[in-house]
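As you go down the protein sequences, you meet chains F and U in turn. Count the first sequence with numbering that gives the first Met the number 0 and you get residues 0 to 311, in order. Count the second sequence with numbering that gives the first Met the number 0 and you get residues 0 to 269, in order.
Simulated from the structure, these hints should not be mistaken for laboratory data. Quick reminder that beta carbons are idealized off the backbone N, C-alpha and C, glycines included. One or more hints might be untrue.
Claimed, not checked - From the derived model, a few chain F residues whose C-beta atoms are all more than 12 Å from chain U:
1. I72
2. F75
3. F126
4. L152
5. G154
6. F163
7. T166
8. G169
9. A184
10. L185
11. T189
12. V228
13. T282
14. V291
Claimed, not checked - Derived Cβ-Cβ restraints for the label pairs, each shown as a range:
15. F/R101 <-> U/G150: 38 to 44 Å
16. U/F55 <-> F/L249: 39 to 45 Å
17. F/A122 <-> U/W111: 38 to 44 Å
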Amino acid sequence: MSLLFATLAVGLVFAILALGVYLSFRVYQIPDMTADGSFPLGAAITARLLKDGADPISATAAGIAGGALAGAITGFIHVRFKVNAILAGILVMTALYSVNLRVMGASNLPITATTLFSPLEDAACRFFGEETEILGRSVPSGDLGLLFGCVTLAGLTACVLIFFLKTELGAAMRATGDNARMLRALGTSTDRMLVVGLALSNALVAFAGSLFAQMQTFADAQMGIGVIVLGLASVILGQTLVGPVRSIGLVVIGALMGAVLFRLLVAIAIRMGLDANDLKLVTAVVVLAAIVAPGWIKNLGTRRGRGAHAAA
Amino acid sequence: MLRLESVRKTFNPGTANEVRALAGLDLNLAPGSFTVVIGTNGSGKSTLQGAISGVFAIDAGRIEVDGIDVTSWPEFRRSHLIGRVFQDPFAGTAPELTVAENLALASKRGHWRTLAPLLRGARRGEWRDLLAQIGLGLENRLDDPIGLLSGGQRQSITLLMATLTNPKILMLDEHTAALDPRSAELVIGLTTRLVARSSSTTLMVTHSMQQAASLGDRLIAMHRGRIYLDVSGSEKRKLTENELFGMFSHMRRDDRFDEAACELVRSQYL
Numbered sequence: 000m001s002l003l004f005a006t007l008a009v010g011l012v013f014a015i016l017a018l019g020v021y022l023s024f025r026v027y028q029i030p031d032m033t034a035d036g037s038f039p040l041g042a043a044i045t046a047r048l049l050k051d052g053a054d055p056i057s058a059t060a061a062g063i064a065g066g067a068l069a070g071a072i073t074g075f076i077h078v079r080f081k082v083n084a085i086l087a088g089i090l091v092m093t094a095l096y097s098v099n100l101r102v103m104g105a106s107n108l109p110i111t112a113t114t115l116f117s118p119l120e121d122a123a124c125r126f127f128g129e130e131t132e133i134l135g136r137s138v139p140s141g142d143l144g145l146l147f148g149c150v151t152l153a154g155l156t157a158c159v160l161i162f163f164l165k166t167e168l169g170a171a172m173r174a175t176g177d178n179a180r181m182l183r184a185l186g187t188s189t190d191r192m193l194v195v196g197l198a199l200s201n202a203l204v205a206f207a208g209s210l211f212a213q214m215q216t217f218a219d220a221q222m223g224i225g226v227i228v229l230g231l232a233s234v235i236l237g238q239t240l241v242g243p244v245r246s247i248g249l250v251v252i253g254a255l256m257g258a259v260l261f262r263l264l265v266a267i268a269i270r271m272g273l274d275a276n277d278l279k280l281v282t283a284v285v286v287l288a289a290i291v292a293p294g295w296i297k298n299l300g301t302r303r304g305r306g307a308h309a310a311a
Numbered sequence: 000m001l002r003l004e005s006v007r008k009t010f011n012p013g014t015a016n017e018v019r020a021l022a023g024l025d026l027n028l029a030p031g032s033f034t035v036v037i038g039t040n041g042s043g044k045s046t047l048q049g050a051i052s053g054v055f056a057i058d059a060g061r062i063e064v065d066g067i068d069v070t071s072w073p074e075f076r077r078s079h080l081i082g083r084v085f086q087d088p089f090a091g092t093a094p095e096l097t098v099a100e101n102l103a104l105a106s107k108r109g110h111w112r113t114l115a116p117l118l119r120g121a122r123r124g125e126w127r128d129l130l131a132q133i134g135l136g137l138e139n140r141l142d143d144p145i146g147l148l149s150g151g152q153r154q155s156i157t158l159l160m161a162t163l164t165n166p167k168i169l170m171l172d173e174h175t176a177a178l179d180p181r182s183a184e185l186v187i188g189l190t191t192r193l194v195a196r197s198s199s200t201t202l203m204v205t206h207s208m209q210q211a212a213s214l215g216d217r218l219i220a221m222h223r224g225r226i227y228l229d230v231s232g233s234e235k236r237k238l239t240e241n242e243l244f245g246m247f248s249h250m251r252r253d254d255r256f257d258e259a260a261c262e263l264v265r266s267q268y269l
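Kindly produce the complete structure, drawing on both the sequences and the hints.
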């Protein structure tokens, strides 16, 4: 039971990551590699500031701001110097590895101070006692508080993102990904939209990184490896869950559900004996399959359809 | 309203593919006028529109809109003053966004995109009326993604979007060339009505001699990056489709020799 709660909590944190990847990958059609650097950047900044005695809210906010800056730099390199967007992301991601080491002063940094989740965990313990009984099993009450915090933050972030995508600025961003020429003809700088969009995307990724570090009570320079693929897996899985809908709200919620479901699947796979070292390999294969399979299945369908037609 | 002074543009300079698309072009359009531009392939008529809208920088010369020198302005900034409809009927609208969202983005042409909700206080009633006037039954589809509509329907909405804020200049780049004849006729009808109603100075490029003869109050024929013919007023009204065709085949005959060959022939025989 406790494992399920922890899995759900991590899944919800990765849902915030998925929302960031949704922005870059689905809205702008750029698989933004910066994410692999901005996720640990958010964690590193938060861990460092917590160590230096900052309060959890400003430490988290600073982590988010760091991610936004990283995204803006990627966007700027892309639009100003016409560097391929993926290469721009790789450059910033690589640079961030050193930045993260500098910020932490070591390759990892434990968090011993109170985190964003501590008050919630304490409140849950005060309210329910050390252990709570759920469905006949006993669960540490702290886990409940943690899960509550994650549900609230992920839900809130999704609501803000949905609202944002329906504002003038958000709609202009969607139009930039959809038809950039049209937006320029309507008097808006698509370059500016791209920089702001990547900043926002990486702010969300860094937010997830900051929360993840506070949850596992340490930041690590290696924690960003493969984060972009994880985000893509969640977004693609979410898209499969909600189907081909056009409502922004549903698509965003789909990405959220995709992240949680993916985390559950991973937990089950490991429970069933998957070596954790193989996890990234399996994730990459699953993402590839998810991208290739729909077209492949469609192709198969039409071929069979054509065959039936010829027979008739 | 629109003023071009000795505008030059050469594509791929210094290579075998060098094209002198605009060879020192001068043009002055009066406020509220409706000018039709025709020309052979490669005459520079599309380059002319690209130069005015700022899709690329010009090599030399000066472009003024409403007395403002816009020569160094990037494309998006000029769009504050210039509404455009492209040849590709799908280029002027964002398919994933709804009809209402597309119109709302167009109604804020050139403004900062803020954090205000896009559709709050939207002028839905006004848009419904405008859409009803097109006569395609689009007035009930404000909340459909525009990608579900046909090319003719989308081009009609693009035309509405381009004229929604009454920009100083309206540029139409062969905007009916990619449509089926029925849709083309419909879009031309809408063009005539919207241009007559708006105060925008209109510049329309077309391949259709029929459109060139029947529309506008001024006609410009381009050839090799220069203005070859420029008629307006009663002279323009008298021009028939057949006369235009005659002129056009004349221009095409000229085209068979390139400029160097013409020079050679001229220096040897004249």
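Hint by hint, here is what the structure shows:
no.	hint	in the structure
1	I72	holds (22 Å)
2	F75	holds (16 Å)
3	F126	holds (37 Å)
4	L152	holds (21 Å)
5	G154	holds (20 Å)
6	F163	violated (8 Å)
7	T166	violated (5 Å)
8	G169	violated (8 Å)
9	A184	violated (5 Å)
10	L185	violated (5 Å)
11	T189	violated (7 Å)
12	V228	holds (25 Å)
13	T282	holds (28 Å)
14	V291	holds (23 Å)
15	F/R101 <-> U/G150: 38 to 44 Å	violated (55 Å)
16	U/F55 <-> F/L249: 39 to 45 Å	holds (41 Å)
17	F/A122 <-> U/W111: 38 to 44 Å	holds (43 Å)
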